[in-house]
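K.L.:
What follows is each chain in one-letter form.
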Amino acid sequence: MDNLQAIMPMLIVTLAAMATMLAEAFRRKDERMPIGGLGVIGLVGAIAAAGLLWDRNAVGFGVIQADNFSLFVTVVVAVIGLFTIMFSSEVVEREGIPSGEYYTLTLFSVVGMMMMASATDLLVIFIALEIMSIAVYVLTGIKRTDAAGTEASFKYFLLGSFSSAFFLYGIAFSYAVSGSTRLDALSTAIAQSASAPGPMVWLAMGLLLVGFAFKVSAVPFHMWTPDAYEGAPTVVTGFMSTGVKAAAVAAFLRVFLSAFEPLRGDWTQLLTWIAMLTMVVGTVVGVAQTNVKRMLAYSSIAHAGYLLAGIIAASAIGKSAVLFYLASYAVANVGAFGVIAFIATRERNTGELTDFTGLWYAKPMLAVLMAVFLLSLGGFPPMAGFIAKWYIFAAAVNEGFYTLAIVGVLTSVVSVFFYLRIVVMMFMSSNKAELEVPPFGIVGTLGLALAAIATFYLGILPTRLIDLATQSISTIF
Amino acid sequence: MALLSFSIFLPTLGALLLALIPNRDGSRDGLIRQLALGISLVAFALTLALWAGFDVNGAEFQFVERTMWIDVFNVEYYIGIDGVSLMLIVLTGFLTPISLLASWGSVTKKVKEFSIFMLVLETAMIGVFSALDVFLFYVFWDAVLIPMYFLIGVWGYDRRIYASIKFLLFTMAGSVLMLVAIILLAVLHQQQTGSYSFDLLELYALQIPAGTANLCFLAFALAFSIKVPLFPLHTWLPDAHVEAPTAGSVILAGVMLKMGTYGLMRFAFPLFPEAATAWAPFIATLAVIGIVYGALVAMVQPDMKKLVAYSSVSHLGFVVLGLCALTVNGVQGAAYQMLNHGISTGGLFLIVGMLSDRRHTRLIAEFGGLKSVMPKLVAAFLIITLSSIAMPGLNGFVGEFLILMGSWRSEVLLPRFTVVAASGVILSAVYMLWMFQRVNYGEVTNPKNETLPDLSVREWCVLAPVVALAVVMGVFPNIFLQPMAPAVERMVQRMERRPAITQVIPQAEAPVAGTQAR
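Keeping their order, the protein sequence lines are chains W and X.
Here my numbering runs 38 ahead of the position in the first sequence, where the first position is 1.
Here my numbering runs 14 ahead of the position in the second sequence, where the first position is 1.
Be a bit skeptical, because a hint or two may be false.
The calculated label-pair distances, taken between Cβ atoms and stated as ranges, are [as the list claims (entries may be wrong)]: (1) W:T183 / X:P316: 35 to 41 Å; (2) X:G119 / W:T183: 52 to 58 Å; (3) W:V82 / X:R80: 36 to 42 Å; (4) X:F296 / W:T501: 40 to 46 Å; (5) W:R386 / X:H374: 33 to 39 Å; (6) W:M56 / X:R173: 57 to 63 Å; (7) W:R94 / X:S209: 29 to 35 Å; (8) X:R430 / W:L499: 49 to 55 Å; (9) X:Y176 / W:R94: 53 to 59 Å; (10) X:Y176 / W:L90: 52 to 58 Å; (11) X:Q507 / W:L90: 56 to 62 Å; (12) X:S41 / W:T183: 45 to 51 Å.
Rather than coming from a laboratory, the hints here were simulated on the basis of the structure.
Note that beta-carbon positions come from the ideal geometry of N, C-alpha and C, so glycine has one too.
Pulled out of the complex, with its shape left as it was, chain W reads as follows (with noise of 0.2 Å):
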């Protein structure tokens, strides 16, 4: 009963899911169902029992571990498959999605981003990562009439099973150095062997450095982004930008401060390099864009970038920012692909910057949520996004990274640029042509306002969910 209890947030979801897959088998073809509404039922069930399970630490099947830290980025995760959803009710059908197996694919990847964040075996964790990553893959090109989107589900297929391949290799290599694939017998092993460590560490560790780092965007493993990222649908880019990073940090986290920890002093130099190469990229490129989506793809690898930094100055405090930041950016993120999504139509829907020409003069509000959000991403008092980056900036000064806070925080002024472009399309604009935005319902709406509402609490008000990030780490760690 223990071991179901672990996995209960998952199993709901699971459920979710196969009911709209059911749903969708016995919907008349032209009959239209609320589908989405049972993948609500699901996550918020998923919530509600991550909720209960705060604090008991359940243990399932040795391998899935219910404690806080994997509880929160559950929460997170299911936060995200809730605003996605919601967003994907007004859009689903315009886009010619079918709309059955686009529930059903993203419910299942979330069960995917829930198990890599609770897993405490790297198999289970190669699972959990490939059950995530192809519902996105497919996601990405569930169009199936658009070139685009075709395109770059096959890229991201291509690369992705490049870097599942690494990821697995590093799997088998810790086998080697451990004879388990079990976090906690690879930390013993490396523990004893971390004065004079071998060959095979380093291979073990570098292998799963490049899985993960791919799957986060971080440079020089980040090729996939843009493209992926721009030929997705909008709400998909949404989803996978926020959802997927999550839980791969999530893994990371787990993974490189349990089971490699004691070569923390080595990694780190490494990953430092790896988080200001990211941050400089991720914002130098992101300048260069003519496309939000694109640009908000090279913003997403910044943000990897500010990401790995909070897991090098993995203090407590570091940690604790690291899940901080992972909810902030992903209430704004998820709520900007929102808004690029509601004002596209079918003929113009990739997303160009000129789309955005006088969007205030058109639909006031919705520029002005965007701009919350945008600005939540460059980091503005008071939206969440500036009590993040300053939390991660706090912990890599406390830790004595002060190279990496000066390039993160110099780095955030570029990308305050390319926000503002958007920005200034939007509100500066002289061509004032009547925008022409499709109407959207109630639903999208409300999702829009919760995401704007939770971007304003956790930038005015962020004490509570610091103290519940402290509270999940600390059970861990």
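Given the coordinates of chain W, assemble chain X onto it according to the supplied hints.
P.N.:
Chain X only, in chain W's frame:
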């Protein structure tokens, strides 16, 4: 009663109220204008109430409120004011309704949003002047940027987008390094006492190793110097001023530039007295260059607004010079000059705005002989101009005189600083009076100027308080100097704290990246 918090957040509450009024077609513009003006007048009344309740001989910081905000890092919502911040808050409260009223004629699109941004801006500015928690200060400091960015970018003139982005990026690039320095201070505090602290007064007492103090001072000084702006970091200012709508220029010149000098005075100098003393001559050199350079460039401007903008560079140079003198007179003069500049330059921007509303140009050559066409406006123009060039009997004189006296007697600065700076006084008379003469005297050469209407009642209400204040501040400077005196003296004392730098400080070595694995 939380009077100070109330003064800070009342404008934002008002802005939220305005946001609820539906006004898609602009039919309620009039109502919104009146409401916004009313809210800002109430806010002004609150700032006056602060003044009334302020005890000159009382505690260093008054109206103190503190509650825990983010407990991991011991960040507090900690506010309180001394005489200098009080005066700057009153100045903010004074200029906001005036700029709102001045915009009634010129801002016609998106009036609601304009008013909202102005009110939010007021909250952030008052917050900057009252924060005693360094992190809270940074939050308000950063929060100022967004409304100003929109004010310039949406309601500005032709090159507004370029100007607004330049303004924002310049300021931000300077201030993010300050953020790192702020965090470092809190971390040092933790290493020395065991708990993080962003409390300004506790950080004053911190023993900072000389090298670290030097770097942190530079980070703070860079942020504030860009805001002031100090030569050669001033290039954003002419663009921002010229492209901003009148209200934006008034607030920018009147209040926001003072955030830089206030920051130097409250944070950069007293937090790092040794480093500041060492760097003071260098900063003063830049200030003096700014005084002369700003004046010379102002002289050749064909555009009135640009002329006034460059005159700000020159005038703010005086303020920084006064601060760098580190004498009571110098700092007092600097503090007074901050207020004066707010009044006189604010007034000049208002007048230029009125002329530009009438003629849709700001080129000096387009005007001439206005004295016979609109005598009332020209009379106000004259008084403000004289106040700007420090004519005795008007406000500017008191401030500049104190600054020059203070810097002459300074132990840190050589007398030659004062000598060169004094030439700036003469130069300012040259460029201001020359401009005034070309615009207002002589024959009306341009037929378009013949029928310009004189001040309307609304404009009269805008200018009268400014002119009156310029006179009052010139004749009775003690009303304003007195509340600031204790604060100024404390600041100078803090600077003289200078303990022996050779003293060995018990403190963990700064950890090097990567070796700190725990």
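K.L.:
Now tell me, hint by hint, if it's right for this structure.
P.N.:
For each hint, the structure was consulted:
{"no.": "1", "hint": "W:T183 / X:P316: 35 to 41 Å", "verdict": "violated (60 Å)"}
{"no.": "2", "hint": "X:G119 / W:T183: 52 to 58 Å", "verdict": "holds (56 Å)"}
{"no.": "3", "hint": "W:V82 / X:R80: 36 to 42 Å", "verdict": "holds (39 Å)"}
{"no.": "4", "hint": "X:F296 / W:T501: 40 to 46 Å", "verdict": "holds (42 Å)"}
{"no.": "5", "hint": "W:R386 / X:H374: 33 to 39 Å", "verdict": "holds (37 Å)"}
{"no.": "6", "hint": "W:M56 / X:R173: 57 to 63 Å", "verdict": "holds (59 Å)"}
{"no.": "7", "hint": "W:R94 / X:S209: 29 to 35 Å", "verdict": "holds (32 Å)"}
{"no.": "8", "hint": "X:R430 / W:L499: 49 to 55 Å", "verdict": "holds (54 Å)"}
{"no.": "9", "hint": "X:Y176 / W:R94: 53 to 59 Å", "verdict": "holds (57 Å)"}
{"no.": "10", "hint": "X:Y176 / W:L90: 52 to 58 Å", "verdict": "holds (55 Å)"}
{"no.": "11", "hint": "X:Q507 / W:L90: 56 to 62 Å", "verdict": "holds (59 Å)"}
{"no.": "12", "hint": "X:S41 / W:T183: 45 to 51 Å", "verdict": "holds (46 Å)"}
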